[in-house]
Structure formats: structure tokens, C-alpha cells
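**Q** Those protein sequences? They're chains A and B, same order as listed. First residue of the first sequence? That's 1 in this note's numbering, and the numbers climb one at a time after it. First residue of the second sequence? That's 1001 in this note's numbering, and the numbers climb one at a time after it.
For the record, the hints were derived by calculation from the structure and aren't laboratory data. Be careful, since some hints might not be right.
Claimed, not checked - Each computed DMTMM-like pair below joins lysine to aspartate or glutamate, with the alpha-carbon atoms no more than 25 Å apart:
#1 K1524/B with D447/A
#2 K98/A with D1424/B
#3 K1098/B with D447/A
#4 K1214/B with D259/A
#5 K1098/B with E1084/B
#6 K1533/B with E476/A
2 protein chains.
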Amino acid sequence: MDSENNNNNSTKSYINTTIASKKFYTSQFSFTPLRFNTMRLLMIVVILTTAIFGTAKWTPRLSPIDPSLKGENAASATVPSGFETFFYNQTLDHFNYKPESYATFQQRYIINSKWWGGASNNAPIFAYLGAEGPIDGDVTILGFLTENAPRFKALVVYLEHRFYGESNPLGSKGGPDSVDAMEESVKNETIRGYFNSAQALADYAELLLHIKHKLHAHNSPIIVIGGSYGGMLASWFRLKYPHIALGALASSAPILYFDDITPQDGYYSIVTKDFEQASENCYSTIKQSWDEIDRVASMPNGLLTLSQKFKTCSPLNNSYELKDYLDSMYASAAQYNAPPSYPTARICQGIDGATNATDVLDRVFAGLAAYRPGRACYNMTSGVSQTSIGWQWQVCSEMSIPIGITSNVSMFPSSPYDANEYVDDCVKRFGVMPRPHWATTYYGGQDIRMILSRFGSNIIFSNGLRDPYSSGGVLEDISHNILAVKTTNGSHCLDILSSLESDPEWLVKQRKDEVKIINGWFRKYYRNLHFLKH
Amino acid sequence: MDSENNNNNSTKSYINTTIASKKFYTSQFSFTPLRFNTMRLLMIVVILTTAIFGTAKWTPRLSPIDPSLKGENAASATVPSGFETFFYNQTLDHFNYKPESYATFQQRYIINSKWWGGASNNAPIFAYLGAEGPIDGDVTILGFLTENAPRFKALVVYLEHRFYGESNPLGSKGGPDSVDAMEESVKNETIRGYFNSAQALADYAELLLHIKHKLHAHNSPIIVIGGSYGGMLASWFRLKYPHIALGALASSAPILYFDDITPQDGYYSIVTKDFEQASENCYSTIKQSWDEIDRVASMPNGLLTLSQKFKTCSPLNNSYELKDYLDSMYASAAQYNAPPSYPTARICQGIDGATNATDVLDRVFAGLAAYRPGRACYNMTSGVSQTSIGWQWQVCSEMSIPIGITSNVSMFPSSPYDANEYVDDCVKRFGVMPRPHWATTYYGGQDIRMILSRFGSNIIFSNGLRDPYSSGGVLEDISHNILAVKTTNGSHCLDILSSLESDPEWLVKQRKDEVKIINGWFRKYYRNLHFLKH
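Given these sequences and hints, build the entire structure.
**A** Structure representation (C-alpha cells):
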């Protein structure tokens, strides 16, 4: 299914904004979707690339929204009124029966029952499966659940992923957004062993059954919803636990970006295309800039020149710092390339508008300044957050997503994925061997059309084709009830974010299509249920 | 689907046989199915009941054939010619990333490739998923794979379940059938933690991918086959790993005997019915005998009297020993109630034939003697085997199957299932709390028709309705490709055992129906594959 009808021209428009302050996050949010307009524009992505892991391309973050907003620049979001926070005494190790496996930890979940039609009506449950970050931020940003709950009289539940936020087995030292507990966890050889996707899915299974039991809602159908890594979890959850979830909405879930299913160039080829589409001049400026950065860096006082040109907060130690910073910026602008501001368009307007600049680097800086305006200086070193630390561990244990650049049509320098380097880096960092084939062993992915055309049902894979991660997504219907809903101009997880009045027609239609499909699942379910009970 | 057409009268017929000697097992078997005629008759079941675990009903063993044959009375079966034994360096812990999780163990698997059509023809693979016992015995007894391999040009593979046989992480001390390693494993708090069904399924996933990789058989479809507990594993494997197994034949798999899905009386009500159908007189004799045993036991020298009457090898310590022995005998006779000898019929012919005996206990003994003829004495104490020890652990960790007797229509005394007693027994024995709800959390089972009617495909649930475990089986088609194939007169796992010339028509038909269904899966698969490749 293609939700896109009109080729919206608003890619070139953008509105000015200012940088998020802590105040922005600590203030009480009302649940008016329009309030998040500003938030979408703040895409200060800190992507782990060569600065940390040598020269190989590293995995761009897999969050519905820019995780740095939640982890670095913000204190904990206050859960809006109407939402109640609970903790479940969760099994630490679902797949072993060792003395320490009987340990438990407190898993956070947040419920809003104001729209719920109740157990007696078998009213449904919308369950958001948390991904690699604290859950409270998601509550205010993921509009899909709350916006559609009234129509379906659904209970709305947000489940926090183990180890993030307040669901760290070591407790949330220094508060839910503090990195202390996370840092300690991933250093702790025993505790970090339980930090993986299969355990997280089993948490969700146990916790959702607990919630149904507590509410006597045995026959309430559950729809699981997730974005990015959380979208992968949602689709896997429906496949592994069909007896718990009736269906899944998996937004921007690159479930095919494992092993060699998706070509390694997939991600950056879309980043490149996004910029090429925004402006041919912008694209070629960026493409030229990498050699120019190296040329300047190699000159006497070259790094100082670069530091000054790019207004770095501290002097550059090497040219990689700058190149990584820009690489990450372009990637995240493409990934979170959402209307109405379209970050790629903003960068390109900066670059194209620097008509006085003859130097390619001045033009590139103008792009940066347009994307992240109003800053006295730019911090080129990656910050740390629960997300950045936790996701490193997940990548180094099992979430091995081979992204590289081999093609010279890319606007980035060549940087082929190096599996050995990945392993070496992980061994150096954590002392463990990654299991790069485990994801496809446990979850599948190869020949997905053939496998799932006669197996499974009730999954929506939604994607925006401007999202670089859509290259690893399911973009065609697999069967009449495993469906792909995609938009040509959409970006990462756009469909499940809160809607805006300014949303283009194609985005409104994508969401409507998804609701229609889910409604169809419910109709069949209730017909079945009625038939069984009478 | 009901494979049964004629109501075969051979229930009353039986042939004499002698007890298996070690020689029987150590001799070289040819692959003539007829040779196993004798074996089927040797159902010396050692079921763990009250003798070990107090007064609660315990879980009757879940093996395709009597496991005591393999564990207690026999040395290791010699793998027949044409079969090659291999070992795979298997991951000990698939769901954790702790230093010790990177440990591996040697998992045994046995391959016969003489019928295989080869990777270039995408010829299929029949994979037998080992259950709670050494795999080598299964190779000679499970005829379904080898008998059907020529027709499908299939590779035949038998995978050993972790901890059994030569696949014990502690090694196979004292040989593959020795209980030493198993005893040590279940006492070892660390190592036994990895001894569970989810880990075993993940073993099979990894190992089957390894075999396909080794043989370059990427497009060879795999059918997994299992019986009893192994049948549960087969159906769960298809549900959890549809990308690895195209389909599953789950023979006599009581996947619904968890939590409260199946009434606790299910098992023993079928045992009762089997005896009632064999002979009304036999049934009422057995029904009377329990009180009579208690009455005699309470008299002066009563236990001595009972010991003499029942020719026990050593004097009885209490009446439970005798009652447990008889309970187990009736249960296993019903469970393995296979043609041509039909053990229930043999017991009843003994009882009914004791026309000179006025004492009810003499008649019961005549039943025992008819079932297990030619013995100087009867050993009432349960023997130990890898199976009995290993299965105790599995029951006490997760395979909690609540079997009890509440109804007075049973031919057994009342003995309601006591969940608290189960927990107490397990805590006393292993020091761990069982997780009785984990099986339904991970595998489902509740509302299975509604859940799977629109999810999943290519599973055959086969059952014989005289098998007490069929009470927890799937007995009706769930969808057009999740099918129940049952026979009115069949017993436990009969369909996957080697065929005999004397097999009744309904059994021949059941197997034919299964082959036809599997053939349909292949036809669709190859059509799909052809379509994708051209």
C-alpha cells in the first residue's frame, strides 16, 4: 500500500526555531499534538561513528525521535496528567533456571485508562513497546496511541525496555535519565548479559499478561506499537507471541538490515538521495567537502583553521572529529527529515544561500549553522546518554547492523563495512564476541516474503522512503494481512509521532490507512470472539 | 481429519513375547521395521508418581516409546549402518551475553544421506527433534523419517536434546546412557539452568542452519518431526522459527496440558476408558483393588502378604509402592496401547482369565503377570535413567503438566492435583521455584483455535485417542493448514514409529494422510521457490 497521493512541495519550506532548553522538557506538557511541532525540529543527533569505533561506519541510532533530546539535553520528562506510572516485579532471566535467574527487577510502565471501554466490553489495549531509551519521553511524543485511543476505547500502555530509564536492574542511580546506572550495567559482566532483545520481548509478554490479569481483561485484544528498534520489537513480538498480541504496527523497523539481507550501502545511499533531491548544488558541495577538510587539516595549523571555520567549542584533535560530526548531522537530518521543516532542506538552504562564500567549507558551515542556529560554538565530541551507552552494548552483543559505504555515487567518502573491525572493536570495548548471526537465527529475515507469505498475520510495516533505515525495511506487502504502508516523502517513524495541523495530506492518509487496517483486525477478532462465546 | 475407517477388532489379540535383554539392544539392527514388533510390546514404564513425590499425581513420562527401555535395560544402541554421527559446537546459553554464556558444548546429531536428492535439487530435510532421552535409540525406532525419505529424496537428521545422551554439557561420563553426568548436571546449580525447552529449540535452530550451510542446502525445506515432548518441541519450533522449518509433524504432543487449559482429569480418564473398553470386568476389578490393597496392608503382616501375592523382589515398605507400581503400569499400558498386542487387552485378559481366583488381588496380579510375563519377581521401586532424572528437572523448572484425579468415575482412587505440593516438592528436591505459567507465556495454548486460526501454518497435530495424553492434544483442525490427524484406536506416537506388516488399516491410513499433507507443503514451497527464482 502506498499512502502517498500528492507530491508535497513543502520540502523546501522551513520555520525557524530555537534550541531545546531543559525547561522545555521539565515543563508540564498538555496532550495537544501541536506542542510538539518545535520538538520535531530539534534533531541534534549524536551518532556513534568513527570517533569511537575506528574508521568503520557505525550503526546510526534506531530511535523514533532523536534520542539525544531525551538523554543529554533534558532532565526526565514529567509524565502528563492522566497517565499513571507503575512498576512490575519482572523476571531478570526468562530463559534460565539458575539461582540468580530468579532475581527480579522493577520494570516501569505507564498507563492511561481514560479512554478505555473496560474489561466487560473487551475493549482493546494499545501497548507501546519501549526501545533504547527512557519511556517517559515517548509518552509525550508518540501521538499514535493517545490520538486513536478514543475512537477504539483503548487502554493506552507504555512499557519501558529493560535497562533504560527506571527499568535498570541496578536501579536508577541519579534519576531516570542519569547515565550512572547504565554505565555501571554495561561494565558489569553478569548484569549486562540479560540486556538483550529476546529477554526484552519476554518481559513484554509477561508484563502484558500481568496487566490483562490485573484488569480481568482476558479478552481484550492487544495491539503492540513500536518505532525503529521498537518497531522491530513490535513485529518480532507479534511473530513470537501471537497469543498475546493480536497485531503489530512496526514503524520504520529495519528488520532486514541484518547479515547480508540488505546491501550495506542502503542507509547512506538514501541519505545521499535525500540531499540530491533537496538540491544538486548542496549535494555536490557536501561531496567535495571531505577532501577539502583533509586538505586543510594537512596544512600547517590546519586543525586550528578548521576549528575556527566550524566554531568548535574546543580545538579539534583531528579531522575525523569534524567529519564524523558532519556525517552524523547529514544522516540524522535525512533520517528525521520530517515536515514541516525538512532538515535536509534547511541544511541545503544554508549551503545554497551562502552565495558570498567561495570556500566550500564556508558553505558547509553555513549549512550547519542553518540546521543548528543560534549557537555560540559547536561541540564536536559525542555526548553520552543512556541511549548511546546502552545501544553500544546492544550493537556489540546482537544488534549487528552492517552499514557501510562502498559506492562512489554516495556523497560520503568510501568506508566499507568491516566485519572484523566490528568484532575487534566490540572485543576491545566489552571483551565479548558479538553474535552477528543471532538476530537472523532467532527472528529470521532471509527470504521473508516466501517465509511469511504463508505464515503469520496482522503486521503493518510502515516506512517513509526518505528515511535511510527504510532501506532495511519491509516495503512491499507480504500477504493480505502482513502489509507495507509507505510514503515517498516520509521520514523515520513519522506516522506514530503526534500529528500536527500542518501535516501534509500524504501523512494524514498514511495514518488513516493504518487505523483502517487495525480496525479490520479488531472487527475480525470481535466477530470470532462473539462466535466462540455464543 | 479422522484417519480411522474401520473399528479394528485386534484389540483383544496379543502375542507372547519375552523380556528384552541387553543383547537385544546392543545387537546390530537392520532397518526392517518388522524387527521392532517385539520392542513395542515391552512397555516397562517407570513413571514417577507418589513414591518419589508424595501423594500428588506426577507427570507420566512424555516419550514416544517407553524410555526405560533405553535408559535402564539397555546399553547404548548402536547406530545402524548408513547413519553417521556428528557433533556440533553448540552455544550453551542463547539468551545471555555473559562470559559463561560463551561456553559451548558438544551436541550430537546423526545423519543419513543415502536417500537425499542433494542441495542442487533443493531436496528436503526431515529433522527429528530429540526429546528427553539419548537420540541413538530413536534412530532405530522412529520409522517415519527413514520410511518416507526415499519417496521425498529427503536427508534424514536426528538431533539430540541438550543434556541427554552424548549432548550433556558436562560430557557423557560413563557412556551415553550412563546416569552419572545427568545426575551431576541436575545437581549443578549453574549448569542445569541451561536445561530447558527454549534453549533446546534455539539449539535446533542454530544446528539446522549449520547443517544447511555445511551442505550448501540453502533452499532445502526442513520438516521437523517429534513425538510426545518432542512433538511439543516440533510444533513450537514451527511457531517460533518458521524461517527454519517449513512445517512440523507433532505426534501426540499434549501442548494444551499446561495451566488450566485441559482439565486435570484428562489423562487418567482416558486410562480408565481404555480399560473399560477392554473389559468391564477388568475395569471394576482394578477399581476395587486399591481399597483391597489398603485393607490387606493394614492387617497384621499385611505388607508381607502383599509382597508375596505380588512376587515383589524385595519386601514392600508400604502399600504406596505397590499402588504406584500398578498405577504406572496401567497408565503406560494405556499410553503405549499399540497394536498388534494392545497392552490394556493383555492385562485384562490376564485379569479376566484368572477364573479360579476369588481374591481381587490375585486377579490383579494375573493381569500384571500377563503384561510382564516370565519374571521371577517384580521390582516395585522405580529405577533411574537419564530420562527419569532429566525429566524431573524439566518438570520442576517449567514443564508443569497438572495431572490429577478428582472424578470418582475414574478406576483410580481420588488424587487431586495439588499445585502447592508440586511447588514444595520441587523446592525440596532442587531448591528452585517452578515457573508453572512460563510455558503458556512463551508458547501460548489458551484459546489456541482463535489465536492460530489466523496465524501460522503447516503443523500436523497427530493423536491416537486411546493415548491418555491425547486429552491435552489438538484434536480438531485449527485452520486449513494447521491440522489434526487422529485415530480412535491409536496410542502414543504410534504414527511415527516404524511400520509393521501387521499394522491395522487405520494406522496405515493415518500415516498416508500425514505424508499427503507434507507433500502438499512441499508442492507449494517448490512452486513458490520456482516462481522466485525465474
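**Q** For every hint, state whether the structure bears it out.
**A** Now for the hints, and whether the structure bears them out:
For the hint pairing K1524/B with D447/A, the CA-to-CA distance comes to about 15 Å; that is within 25 Å, so the pair holds. Proximity of K98/A to D1424/B is assessed by CA-CA distance (about 18 Å); at most 25 Å being required, the pair is judged to hold. With a C-alpha separation of about 31 Å, the suggested pairing of K1098/B with D447/A is violated against the 25 Å cut-off. Distance restraint check for K1214/B and D259/A: the Cα-Cα separation of roughly 17 Å lies within the 25 Å cut-off, and the hinted pair is therefore satisfied.
For the suggested pair K1098/B and E1084/B, the alpha carbons sit about 34 Å apart, so the restraint of at most 25 Å is broken. As the CA atoms of K1533/B and E476/A are separated by approximately 18 Å, the hinted pair is consistent with the 25 Å bound.
In the structure shown, a violation is registered for the earlier hints numbered 3 and 5, in ascending order.
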